[in-house]
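Participant: The listed protein sequences correspond, in order, to chains A and B. So the first sequence is residues 0 to 286, counted in numbering that gives the first Met the number 0. So the second sequence is residues 0 to 264, counted in numbering that gives the first Met the number 0.
Hints were generated in silico from the structure; no laboratory data involved. Quick caveat: nothing in here was measured; it's all calculated off a predicted structure. Glycine is no exception: its CB is placed at the ideal position from the N, C-alpha and C atoms. Treat the hints with care, since some could be wrong.
Unchecked claim - Computed Cβ-Cβ distance ranges for the label pairs, DEER-style:
#: 1; chain 1: B; residue 1: Arg49; chain 2: A; residue 2: Asp49; range: 52 to 58 Å
#: 2; chain 1: B; residue 1: Thr181; chain 2: A; residue 2: Glu52; range: 39 to 45 Å
#: 3; chain 1: A; residue 1: Ala267; chain 2: B; residue 2: Gly93; range: 36 to 42 Å
#: 4; chain 1: A; residue 1: Asp49; chain 2: B; residue 2: Ile65; range: 56 to 62 Å
#: 5; chain 1: B; residue 1: Val50; chain 2: A; residue 2: Ala180; range: 26 to 32 Å
#: 6; chain 1: A; residue 1: Asp49; chain 2: B; residue 2: Pro55; range: 47 to 53 Å
#: 7; chain 1: A; residue 1: Phe132; chain 2: B; residue 2: Leu45; range: 23 to 29 Å
#: 8; chain 1: A; residue 1: Phe9; chain 2: B; residue 2: Ala245; range: 36 to 42 Å
#: 9; chain 1: B; residue 1: Leu45; chain 2: A; residue 2: Lys92; range: 38 to 44 Å
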Amino acid sequence: MKTENQRAWFFVLPVLLLVAFNALIPIMTVVNYSVQETFGNNVFFWQGLDWFEQILRSDRFHAALGRQFMFTGLILAIEIPLGIIVALSMPRKGFWVPVCLVTMALPMLIPWNVVGSMWNIFTLPKIGLLGYFMNDVLGVNYDMTQQPISAWVTIIIMDVWHWTSLVVLLSYAGLVSIPDAYYQAAKIDGASPWKVFRYIQLPKMKTVLTIAVLLRFMDSFNIYTEPFVLTGGGPGNSTTLLSIDLVKIALGQFDLGPAAAMSLIYFAITLLVSWLFYTLMTKDDAQ
Amino acid sequence: MRKRSLIPILYILFLMLPIYWLVAMSFKTTQEILGGFSLFPQTFTLENYRVIFTDPSWYWGYINSIIYVSLNTVISVCVALPAAYAFSRYRFLGDKQLFFWLLTNRMAPAAVFALPFFQLYSSVGLFDTHLAVALAHCLFNIPLAVWILEGFMGGVPKELDETAYVDGYSFPRFFVTIFLPTIKAGVGVAAFFCFMFSWVELLLAKTLTAVEAKPIAATMTKTASSAGYELGLLAAAGTLTIIPGAIVIYFVRNYIAKGFALGRV
Numbered sequence: 000m001k002t003e004n005q006r007a008w009f010f011v012l013p014v015l016l017l018v019a020f021n022a023l024i025p026i027m028t029v030v031n032y033s034v035q036e037t038f039g040n041n042v043f044f045w046q047g048l049d050w051f052e053q054i055l056r057s058d059r060f061h062a063a064l065g066r067q068f069m070f071t072g073l074i075l076a077i078e079i080p081l082g083i084i085v086a087l088s089m090p091r092k093g094f095w096v097p098v099c100l101v102t103m104a105l106p107m108l109i110p111w112n113v114v115g116s117m118w119n120i121f122t123l124p125k126i127g128l129l130g131y132f133m134n135d136v137l138g139v140n141y142d143m144t145q146q147p148i149s150a151w152v153t154i155i156i157m158d159v160w161h162w163t164s165l166v167v168l169l170s171y172a173g174l175v176s177i178p179d180a181y182y183q184a185a186k187i188d189g190a191s192p193w194k195v196f197r198y199i200q201l202p203k204m205k206t207v208l209t210i211a212v213l214l215r216f217m218d219s220f221n222i223y224t225e226p227f228v229l230t231g232g233g234p235g236n237s238t239t240l241l242s243i244d245l246v247k248i249a250l251g252q253f254d255l256g257p258a259a260a261m262s263l264i265y266f267a268i269t270l271l272v273s274w275l276f277y278t279l280m281t282k283d284d285a286q
Numbered sequence: 000m001r002k003r004s005l006i007p008i009l010y011i012l013f014l015m016l017p018i019y020w021l022v023a024m025s026f027k028t029t030q031e032i033l034g035g036f037s038l039f040p041q042t043f044t045l046e047n048y049r050v051i052f053t054d055p056s057w058y059w060g061y062i063n064s065i066i067y068v069s070l071n072t073v074i075s076v077c078v079a080l081p082a083a084y085a086f087s088r089y090r091f092l093g094d095k096q097l098f099f100w101l102l103t104n105r106m107a108p109a110a111v112f113a114l115p116f117f118q119l120y121s122s123v124g125l126f127d128t129h130l131a132v133a134l135a136h137c138l139f140n141i142p143l144a145v146w147i148l149e150g151f152m153g154g155v156p157k158e159l160d161e162t163a164y165v166d167g168y169s170f171p172r173f174f175v176t177i178f179l180p181t182i183k184a185g186v187g188v189a190a191f192f193c194f195m196f197s198w199v200e201l202l203l204a205k206t207l208t209a210v211e212a213k214p215i216a217a218t219m220t221k222t223a224s225s226a227g228y229e230l231g232l233l234a235a236a237g238t239l240t241i242i243p244g245a246i247v248i249y250f251v252r253n254y255i256a257k258g259f260a261l262g263r264v
């Protein structure tokens, strides 16, 4: 059991100071902007909660939020089952294990803007491998800069390419922790592969899958660089996710008030889910 | 058995295709790229790489990135070590709340912080320095390092500490000579993840730098827009950013999953 010791605070102090410097001051700046209006020259007027009301009622915000949830929902629906399937069929020991682990983890170590550029080059019509294959071999009309549907398919495939390995690695770590005796017992009982999965493998993967789902939820909810480099939010506004819209308002139009209010609403949604994440995880720890 | 191994093979093939395309592009001339489709480079050229290694505005991008990433890794792991020890060994006022608060910062969208960060670091005179980016990346890397290290430390029995104290070790001596070697895998994994997330992040790094500390990622986006269609050059620069990750990942291959699970597998 852990012992009670208030002096442990001294150990935590450096972390606290550094993170507070990075988190509290900027968030206070944002709060400050969110309740004021400015016309430049550092002159500010008190605005109250008008910006929040305006953002919460604006169609633009609703549309961006809708697109965000659609994106996150789609990638979760693809990445989680795909990740589990790949993890289940991976070899458990031998030469190929490290090879699989390293090659699968590779996409996650590529800078996010390079991921965007890479997929841009990959999907260019006429020039890119995928673009050429779709247009000239399959005869499908595929052009990310013209059709929203192509742009959507591309950002979804890109994210699946980029992050499914996270689910694979976590599920795999859960799977290898299952003792052989469990499988032998299942074999003696004559359990079908589905029953083995449902009653032995899935329960063992529960903790890691919770982590995987929630990490993927958070990261895809905050995604900015990859779709921005790939589509720039276009064509039109069709792939303008929350972060992209936020940066457009804050740095493109320099509407600091609405952008700040939107940041806080955005952050509140993120916090809510973080809390869910934390309670689920610590509940498992306690058992 | 053979049917089963088909799935990982297909999956890895899918992962490798875009990477192959990037690498293949980097060995092509601009003419060939724009001229039409070719699966393999027809006129194999190293010209794109020569440009990057001889032009300071290109190769300094890599040096800048490596400087702030290393700086961030060192800072994050050093401050996270005592904190993780405190969380794994002691109960203290507000420990659970503090732990959760750290996590929320890991989850904060970088886009929310971009503008305030710019103002904060400009006002303290750190704008366009490597230290600014290294400190800014602490926002999400310190919580991550604390979580991973806490996970690894939780696996070390408390009896180790108690025996050492009975044997007359002082805390600093125990921590450095006994405890650190015991959790060295954890330290390695934490360092790897700090390296990784600092290396792949672009939004904050780009916001906080202009000339002196400009990361390679920012050099790439600027070149992409100013030089028009230098796709070969862009591909070569992209290929070079994959290499550091590919090297470090080899050393932590058996612990990657544990790191992603925040030390909780």
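Participant: Hint by hint, say whether it matches the structure.
Facilitator: Here is how each hint holds up against the structure:
1. Arg49(B) to Asp49(A): 52 to 58 Å: 57 Å, holds
2. Thr181(B) to Glu52(A): 39 to 45 Å: 55 Å, violated
3. Ala267(A) to Gly93(B): 36 to 42 Å: 22 Å, violated
4. Asp49(A) to Ile65(B): 56 to 62 Å: 46 Å, violated
5. Val50(B) to Ala180(A): 26 to 32 Å: 59 Å, violated
6. Asp49(A) to Pro55(B): 47 to 53 Å: 49 Å, holds
7. Phe132(A) to Leu45(B): 23 to 29 Å: 28 Å, holds
8. Phe9(A) to Ala245(B): 36 to 42 Å: 40 Å, holds
9. Leu45(B) to Lys92(A): 38 to 44 Å: The hint (38 to 44 Å, Cβ to Cβ) holds, given that leucine 45(B) and lysine 92(A) are roughly 40 Å apart.
Violated hints, in rising order: 2, 3, 4 and 5; the structure is consistent with all others.
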